[in-house]
Amino acid sequence: MNAFQYTTALSTDSARQLAADNGAYLAGGNDLLGRLKEYLDSPKILVNIKSIAGLDRITAGSRVWTIGALVTVAQIETHPEIRAVFPGLHQAAAEVGSPQIRNVATVGGNLAQHSRCWYYRHRDTVCLKKGGDLCYARHSENRYHCLFTGNTCISPVVSNLSIALTALDAKVILLREGKETRMTVPELYQKAWDNPTAHNSLNPGDLIVKVEIPVGRTRSAFLQVSDKHAFDWALVSCAAAARVNGGKLSRARVALGCISPMPHQSAAANEFLEGKPLDEPTVAHAADLILQGAQPLAFNGYKVPLARTLIRRALLSLKG
Amino acid sequence: MPSWPAETKYISHSTLRVDAPAKVSGRARYSSDIQAEGWLYGMILRSKWPAARIAKINLENALQIPGIKAALAVKEGESIVRFYGEELAAVAGTTKQACLDALRAIEVEAKALPFVVKENDARAEDAPRVWPNSANAGEGKPKEQGSVDQAFSECAAVIEGFYTTPVQLHHPMETHGCTVSWTDEGVTAWASTQGISSVRDGLAGGLQLEQSKVRVITEYMGGGFGSKFGAGVEGLMAARLSRAAKAPVRLMLTRFDQALAVGNRPSSFQKIKLGAKADGTLHAFELDNYGTAGIGGGSSEGGGGDVAIPAPYIYKVPNTRVKHTSVAVNAGSARAFRAPSNPPASFGMESAMDDLAVKLGMDPVELRLKNDPSAVRRREYDLGAERFGWKQKYQKPGSSAGPVKIGVGCAGATWWGGGTKRTQGEAEIHPDGGIEVRLGVQDLGTGTRTVIAVVAAEILGLKPEQITVKIGDTHYPPGPGSGGSTTCPSISPTVFDVCTQALQQLQAQTGVPDARGDNWPAACKKLGTSPLVVHGQWQEGLSSGGAGGVQFAEAAVDTETGQVTVNRILCVQDCGLIVNQITLESQVNGGIIMGLGYALYEERVMDHLSGVVLNPNFETYKLPGMADIPQIDIVLLNMPERGVIGVGEPVTIPTAAAIGNAVANALGVRVSSLPITPAKVLAALGKVPPPTAKPA
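Going down the list, the protein sequences come from chains A and B.
Just so we're aligned, residue 1 is where the first sequence starts under this note's numbering, counting upward by one.
Just so we're aligned, residue 1 is where the second sequence starts under this note's numbering, counting upward by one.
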């Protein structure tokens with residue numbers, strides 16, 4: 001990696017000032033250090049934000065839970081109340097990496113992680129995402145890539161937490177130019193949908209400080225299928241959340257990961273599910289709506305039936 | 001003829017690894033732990049091009065990096081590189097980061113050349129040539145026995161299949177490399193190798209030194225699997241850097257490097273036609289196989305890297321036609337890989353056997369019992385079927401209820417695994433009763449020290465912990481390379497001979513009629529002041545070869561996600577005389593887990609656009625983890641009358657074939673391509689829609 005300065009910030013304000021325009025925030029470091037070692041990024045300064053007070057808390061509320069950006073994925077996984085209140089979030093956390101990774105990985109870092117596309121991460125290919133002319137994956141090895149995209153790059157979002165949080169209709173709160181800015185989770189990735197060189201909608205200096213999750217959806221689930229049974233990225237992941245009263249759905253949300261640069265949702269499907277009985281015909285039609293317009297490439301067509309299965313299973317599991 | 005004792009206290013029982021405490025406490029020094037006085041880091045610059053003419057390599061800027069003590073080109077003058085990752089230059093420096101900076105500072109003037117990295121692309125008429133003077137696909141000549149076309153017309157059932165296996169990369173947990181110190185006295189190399197003698201000879205040859213001036217030491221090493229017999233470019237460059245920098249250089253490859261240039265198992269694309277008479281008797285067989293060994297047409301670093309596979313593998317078929325075509329591509333070359341040629345051969349043939357069984361309406365075990373010429377394996381099928389509950393578990397293909405379907409499969413193996421006659425050893429008995437047994441062999445990770453201690457203890461009536469075992473140094477009497485499952489059948493008879501002779505001499509010299517066991521200390525004391533040193537060597541009659549082995553697998557396949565879960569593997573393995581049960585079981589576990597990786601996860605992915613290896617890390621080159629590993633049941637047949645036989649290789653051969661057959665039995669359709677991924681399962685079930693997105 002290239003040389004950098006290192007410093008520790010004690011407040012969000014000083015973190016912002018220290019990072020300036022060429023810095024990077026360091027929390028768990030899982031993603032950042034890999035990028036540095038492969039020379040994908042070479043920030044002038046690393047600002048350790050782990051000592052900033054107050055960002056490492058999980059706060060329960062009667063309407064909204066708040067999870068600080070420095071809360072670890074392992075804390076979410078092992079939090080007994082989260083398991084009861086947001087089981088989908090618990091499951092999403094439990095599928096991240098390995099125990100060692102979950103112990104240091106943070107919520108902010110999981111949401112802000114960059115593309116895992118094997119062309120983007122390869123030291124000797126200059127793909128579209130790296131500023132080159134060509135999306136290699138589109139023409140070559142695309143088994144892990146998108147079914148949907150708004151641009152030419154087909155690198156998908158792989159953050160598990162982003163998928164569960166999308167289904168739970170969470171908000172991401174970040175500091176931008178000294179001001180608190182609220183985004184939906186899909187908004188956090190909108191720029192990656194539009195722009196091949198973007199990984200998310202964060203600007204230089206933006207700092208995620210917390211997420212807020214409304215408690216309205218009492219049932220939630222997260223499922224993923226990978227090549228391996230543990231410590232592997234999802235081929236497709238799916239989260240679903242809703243209230244279920246008398247066997248009927250309300251406020252249902254379904255989101256999928258690893259098939260689009262942003263958490264993939266269908267407004268039509270979410271609307272369709274309102275008030276519907278939670279049964280096989282309902283979930284099958286929802287899957288049709290969600291996967292409408294999917295554009296499989298040479299080697300990722302299997303994601304269509306796989307996504308369909310996960311949508312069905314995730315929704316049906318909300319029966320409890 | 002010598003013979004093993006009929007009653008044994010340690011042989012065929014379980015002795016824990018004598019070096020386990022050293023290993024688990026971190027005191028065992030692996031090659032990558034060696035810190036020679038004043039050592040430097042070494043690193044290799046590799047080609048970014050899959051094919052290029054290298055005009056000039058300028059090392060000046062690299063030498064200006066603070067901490068860099070030497071920088072050398074691998075070859076002088078112009079050269080051609082033929083694969084991504086080929087070695088260009090190497091540097092030595094005081095820190096890892098200095099070396100990394102230096103690699104980036106080296107200027108390479110190169111002209112990129114056309115390349116081809118996929119087998120099917122390389123076979124095309126107009127494909128770029130890997131070697132200018134020969135076609136990429138060497139036309140293999142079909143070999144025919146009997147009258148194949150006629151024989152197929154006489155068959156009651158004929159199946160055809162296209163079974164493919166990927167290039168499997170060598171990824172031992174300890175990467176390749178060594179520390180080398182080259183001074184005026186000669187070369188000392190602490191190498192991660194499975195052949196200290198072959199590394200010594202490779203260094204001596206490559207550096208033009210007398211063999212006696214080169215010493216190779218391997219106290220502990222973390223796996224080789226066929227890829228660590230030679231000095232390698234990394235060994236030779238470490239030596240040259242050491243000479244130039246006047247300091248020892250430790251050059252251990254990175255995980256990235258491992259994916260490119262330390263060998264692999266060739267791919268196979270097997271078009272098989274197999275026919276049988278109505279009673280199941282195999283009658284006709286045809287194989288047209290091609291595969292790639294990378295740029296190498298065959299062997300490198302110890303051989304065994306050829307694309308040809310034994311066919312029709314373990315079966316006898318009266319009429320056969322077999323053709324192999326080696327396809328050169330611009331990629332790292334093959335090397336011997338645990339049971340070279342056999343796992344792909346097993347996957348192709350055993351898949352065809354099960355497809356034929358389905359067509360004949362026969363139980364797959366019955367079909368094997370009918371056709372397998374090995375009495376030992378037939379016995380193993382009987383034993384295994386009983387233990388596995390085969391009769392209850394085997395159902396019509398695809399007939400289990402629900403979206404998650406259960407299936408079972410089986411497959412067999414063969415391997416030579418005999419000893420090598422060259423092996424020598426010595427024992428030094430001290431007057432205080434201490435005994436040191438020395439062999440110039442190395443422990444590949446299989447428990448070599450423990451095997452030596454067990455045999456010596458048995459012969460001398462001592463306890464294994466009383467034996468001091470010294471191995472891993474070319475200053476000791478020459479031992480075998482650890483390949484071909486030959487280590488145990490080479491060293492066990494040697495230690496038998498060393499200890500038998502030592503005992504005789506001790507008794508003759510001291511007048512103690514039986515110096516074993518309780519008499520040992522008194523006999524040794526009578527040696528007076530000088531220790532007794534006795535040499536011995538490998539003896540005929542204490543080992544043999546020709547292991548079989550069968551495995552059964554049970555798999556659960558989710559037909560809606562494509563995910564395969566292997567529930568259970570049963571291995572029934574004949575072993576000759578079992579030397580140490582627990583380390584043998586450990587080898588079986590390792591072989592099966594490696595076979596599981598070959599079945600479900602492992603595959604080198606080449607990019608046809610850029611020519612790079614796309615998965616040069618464990619994130620995307622997938623290996624089995626704990627969550628993937630099934631229940632493993634091991635039944636070992638102890639056959640002392642056959643002497644010691646090595647089985648490190650046969651135990652990995654049939655695993656992938658058995659799993660593939662279990663998946664086919666579960667689904668009712670075959671996934672005929674390894675690795676069996678969710679994508680391929682869903683495709684085999686006809687659930688995958690065609691591409692609609694435009695590539696543009």
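I should point out that these hints are in silico values taken from the structure, not numbers from a laboratory.
Remember, it's a predicted structure, so these values are computed and weren't measured experimentally.
Hints are not guaranteed to be accurate.
Straight-line Cα separation of at most 25 Å, BS3-like style, residue types lysine-lysine; simulated pairs [claimed, not checked]:
| no. | chain 1 | residue 1 | chain 2 | residue 2 |
| --- | --- | --- | --- | --- |
| 1 | B | K96 | B | K273 |
| 2 | A | K44 | B | K96 |
| 3 | B | K213 | B | K370 |
| 4 | A | K130 | B | K143 |
| 5 | A | K130 | B | K111 |
| 6 | B | K316 | B | K118 |
| 7 | B | K277 | B | K370 |
| 8 | B | K680 | A | K228 |
| 9 | B | K393 | B | K370 |
| 10 | B | K56 | B | K75 |
| 11 | B | K359 | B | K48 |
| 12 | B | K470 | B | K23 |
| 13 | A | K37 | B | K48 |
| 14 | A | K228 | B | K75 |
| 15 | B | K680 | B | K118 |
| 16 | B | K143 | B | K277 |
| 17 | B | K273 | A | K37 |
| 18 | B | K271 | B | K316 |
| 19 | B | K359 | B | K393 |
| 20 | B | K48 | B | K9 |
| 21 | A | K37 | B | K359 |
| 22 | A | K44 | A | K130 |
| 23 | B | K421 | B | K470 |
| 24 | B | K246 | B | K69 |
Status of each hint after checking the structure:
1. The straight-line distance between the Cα atoms of K96 (chain B) and K273 (chain B) is roughly 54 Å, outside the 25 Å bound, and the hint therefore fails.
2. Taking the CA atoms of K44 (chain A) and K96 (chain B), the gap is near 20 Å; set against the 25 Å cutoff, the hint holds.
3. Using a Cα cut-off of 25 Å, the hinted pair K213 (chain B) and K370 (chain B) is violated, with the two alpha carbons roughly 57 Å apart.
4. Using a Cα cut-off of 25 Å, the hinted pair K130 (chain A) and K143 (chain B) is violated, with the two alpha carbons roughly 51 Å apart.
5. For the hint pairing K130 (chain A) with K111 (chain B), the CA-to-CA distance comes to about 23 Å; that is within 25 Å, so the pair holds.
6. Among the hinted pairs, K316 (chain B) with K118 (chain B) is inconsistent with the structure: their alpha-carbon atoms are about 33 Å apart, more than 25 Å.
7. Taking the CA atoms of K277 (chain B) and K370 (chain B), the gap is about 11 Å. The hint holds against a cut of 25 Å.
8. Pair hint K680 (chain B) plus K228 (chain A) holds up; C-alpha atoms about 14 Å apart against a cutoff of 25 Å.
9. With a CA separation close to 20 Å, the supplied pair K393 (chain B) and K370 (chain B) stays within the 25 Å bound.
10. About 10 Å separates the Cα atoms of K56 (chain B) and K75 (chain B), which keeps this hinted pair within 25 Å; it holds.
11. For the proposed pair K359 (chain B) and K48 (chain B), the alpha carbon gap of about 50 Å is over 25 Å, so the pair is violated.
12. For the proposed pair K470 (chain B) and K23 (chain B), the alpha carbon gap of about 16 Å is at most 25 Å, so the pair holds.
13. For the proposed pair K37 (chain A) and K48 (chain B), the alpha carbon gap of about 17 Å is at most 25 Å, so the pair holds.
14. Restraint check for K228 (chain A) and K75 (chain B): the C-alpha separation of about 42 Å exceeds 25 Å, so the hint is violated.
15. For the hint linking K680 (chain B) to K118 (chain B), the alpha-carbon distance of about 19 Å falls within 25 Å, and the restraint holds.
16. Our distance criterion of 25 Å between C-alpha atoms is met by K143 (chain B) and K277 (chain B), whose separation comes to about 23 Å.
17. Our distance criterion of 25 Å between C-alpha atoms is broken by K273 (chain B) and K37 (chain A), whose separation comes to about 50 Å.
18. Between the alpha carbons of K271 (chain B) and K316 (chain B) the distance comes to roughly 18 Å, so the proposed pair stays at or under 25 Å and holds.
19. Taking the CA atoms of K359 (chain B) and K393 (chain B), the gap is near 19 Å; set against the 25 Å cutoff, the hint holds.
20. For the given pair, K48 (chain B) sits about 58 Å from K9 (chain B) by alpha-carbon distance, which is inconsistent with the 25 Å threshold.
21. Of the supplied pair hints, the one linking K37 (chain A) and K359 (chain B) is violated, its CA atoms being roughly 55 Å apart against a limit of 25 Å.
22. Of the supplied pair hints, the one linking K44 (chain A) and K130 (chain A) holds, its CA atoms being roughly 19 Å apart against a limit of 25 Å.
23. Restraint check for K421 (chain B) and K470 (chain B): satisfied, since their Cα atoms lie roughly 20 Å apart, inside the 25 Å limit.
24. Between K246 (chain B) and K69 (chain B) the CA atoms are separated by roughly 9 Å; this keeps the pair inside 25 Å, and the hint holds.
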